[in-house]
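Asker: Sequence lines, in order, name chains A and B. Residue 35 in our numbering sits at position 35 of the first sequence, and the numbers go up by one each step. Numbering-wise, our numbering comes out as the position in the second sequence, counting from 1, plus 1000.
FYI, nobody ran anything at the bench for these hints, they're computed from the structure. Remember, it's a predicted structure, so these values are computed and weren't measured experimentally.
Derived DSBU-like pairs: lysine-lysine, alpha-carbon spacing no greater than 35 angstroms straight-line:
{"no.": "1", "chain 1": "B", "residue 1": "K1007", "chain 2": "A", "residue 2": "K2"}
{"no.": "2", "chain 1": "A", "residue 1": "K56", "chain 2": "A", "residue 2": "K67"}
{"no.": "3", "chain 1": "A", "residue 1": "K67", "chain 2": "A", "residue 2": "K2"}
{"no.": "4", "chain 1": "A", "residue 1": "K67", "chain 2": "A", "residue 2": "K42"}
{"no.": "5", "chain 1": "A", "residue 1": "K2", "chain 2": "A", "residue 2": "K56"}
{"no.": "6", "chain 1": "A", "residue 1": "K99", "chain 2": "B", "residue 2": "K1065"}
{"no.": "7", "chain 1": "A", "residue 1": "K2", "chain 2": "A", "residue 2": "K109"}
{"no.": "8", "chain 1": "A", "residue 1": "K56", "chain 2": "B", "residue 2": "K1097"}
{"no.": "9", "chain 1": "B", "residue 1": "K1007", "chain 2": "A", "residue 2": "K99"}
{"no.": "10", "chain 1": "A", "residue 1": "K109", "chain 2": "A", "residue 2": "K67"}
{"no.": "11", "chain 1": "A", "residue 1": "K56", "chain 2": "A", "residue 2": "K42"}
{"no.": "12", "chain 1": "B", "residue 1": "K1097", "chain 2": "A", "residue 2": "K42"}
{"no.": "13", "chain 1": "A", "residue 1": "K42", "chain 2": "B", "residue 2": "K1007"}
{"no.": "14", "chain 1": "B", "residue 1": "K1007", "chain 2": "A", "residue 2": "K109"}
{"no.": "15", "chain 1": "A", "residue 1": "K42", "chain 2": "B", "residue 2": "K1065"}
{"no.": "16", "chain 1": "A", "residue 1": "K42", "chain 2": "A", "residue 2": "K109"}
{"no.": "17", "chain 1": "A", "residue 1": "K109", "chain 2": "B", "residue 2": "K1097"}
{"no.": "18", "chain 1": "B", "residue 1": "K1097", "chain 2": "A", "residue 2": "K99"}
{"no.": "19", "chain 1": "B", "residue 1": "K1097", "chain 2": "A", "residue 2": "K67"}
{"no.": "20", "chain 1": "B", "residue 1": "K1097", "chain 2": "A", "residue 2": "K2"}
{"no.": "21", "chain 1": "B", "residue 1": "K1065", "chain 2": "B", "residue 2": "K1097"}
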Amino acid sequence: QKEVEQNSGPLSVPEGAIASLNCTYSDRGSQSFFWYRQYSGKSPELIMFIYSNGDKEDGRFTAQLNKASQYVSLLIRDSQPSDSATYLCAVNEDSGTYKYIFGTGTRLKVLA
Amino acid sequence: SAVISQKPSRDICQRGTSLTIQCQVDSQVTMMFWYRQQPGQSLTLIATANQGSEATYESGFVIDKFPISRPNLTFSTLTVSNMSPEDSSIYLCSVVKGYTEAFFGQGTRLTVV
Chain A
1 QKEVEQNSGP
11 LSVPEGAIAS
21 LNCTYSDRGS
31 QSFFWYRQYS
41 GKSPELIMFI
51 YSNGDKEDGR
61 FTAQLNKASQ
71 YVSLLIRDSQ
81 PSDSATYLCA
91 VNEDSGTYKY
101 IFGTGTRLKV
111 LA
Chain B
1001 SAVISQKPSR
1011 DICQRGTSLT
1021 IQCQVDSQVT
1031 MMFWYRQQPG
1041 QSLTLIATAN
1051 QGSEATYESG
1061 FVIDKFPISR
1071 PNLTFSTLTV
1081 SNMSPEDSSI
1091 YLCSVVKGYT
1101 EAFFGQGTRL
1111 TVV
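Next comes chain B alone, as it looks inside the complex:
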């Protein structure tokens, strides 16, 4: 498995502001992803964080709204920009280590008011 530290664990933010979420892994991993889980729903993939290059975004998600960095093999950040109440959700960092098994950070519960 992998030890994943995700910060902050929760935050309440004003609309129009931005929040940066950090994900730190205890060892090098193959892949890092960012997911969103809205209340009562399943996980939706936002993007694949690519080491040293631009992230690969899924349909419906754009870099201007969700800029992602991954400067090395163990660290990534997700920024939620110009937030609105619709961005209230749980954001999860996920890593793949080994063959294909994915592990999740503790999540960031974001409330936009």
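Here chain A stands alone, though its shape is the one from the complex:
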């Protein structure tokens, strides 16, 4: 059973701080990794994807991937109250089918 695990939270951080969200996955063959943000009552929105080991930065967001440890993380710098949402980690199945396995999500609260 292929799995993606996240801490459900809530993770509370003060405004302006760095929020660190973590995700582990079970399938060593996975090649593509994604972070989605989902506001309450809305659909998931893609915010970052990463394919190679190391860091990838986009604005206030940094995705980090360590395939040896089967670990992917998302850092949000200068957190804002508008970042309060559930963050879903998704991993592409190693089957060439473009299917994703989603984690259960981490709820982030940024306190003003």
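Assemble the complex: chain A is given as a structure, and chain B must be docked to it using the hints.
Answerer: Structure of chain B alone, referenced to chain A:
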């Protein structure tokens, strides 16, 4: 990215009836999927919508309950048949465009009474 229009956005249905959800994309996409998200939970893949052929269903989902059509590269429908309160959920259309990045429609919030 892709512009995805999903209809209806919400509906309240009587048990035993069926609801068809439509997903229209603004351009051709590689893959189309249907997901279900139950309250407070993550996304569960129902099936892959295959253009011009039968959908590929995940374990626990069957064609009689969730018939899917995809007549062309930009449009798909999901029908939830013979509904029961357990089918109350959010149903999401997803498309893959480009390499592997997936995008989601706005979702359909279904309540079965």
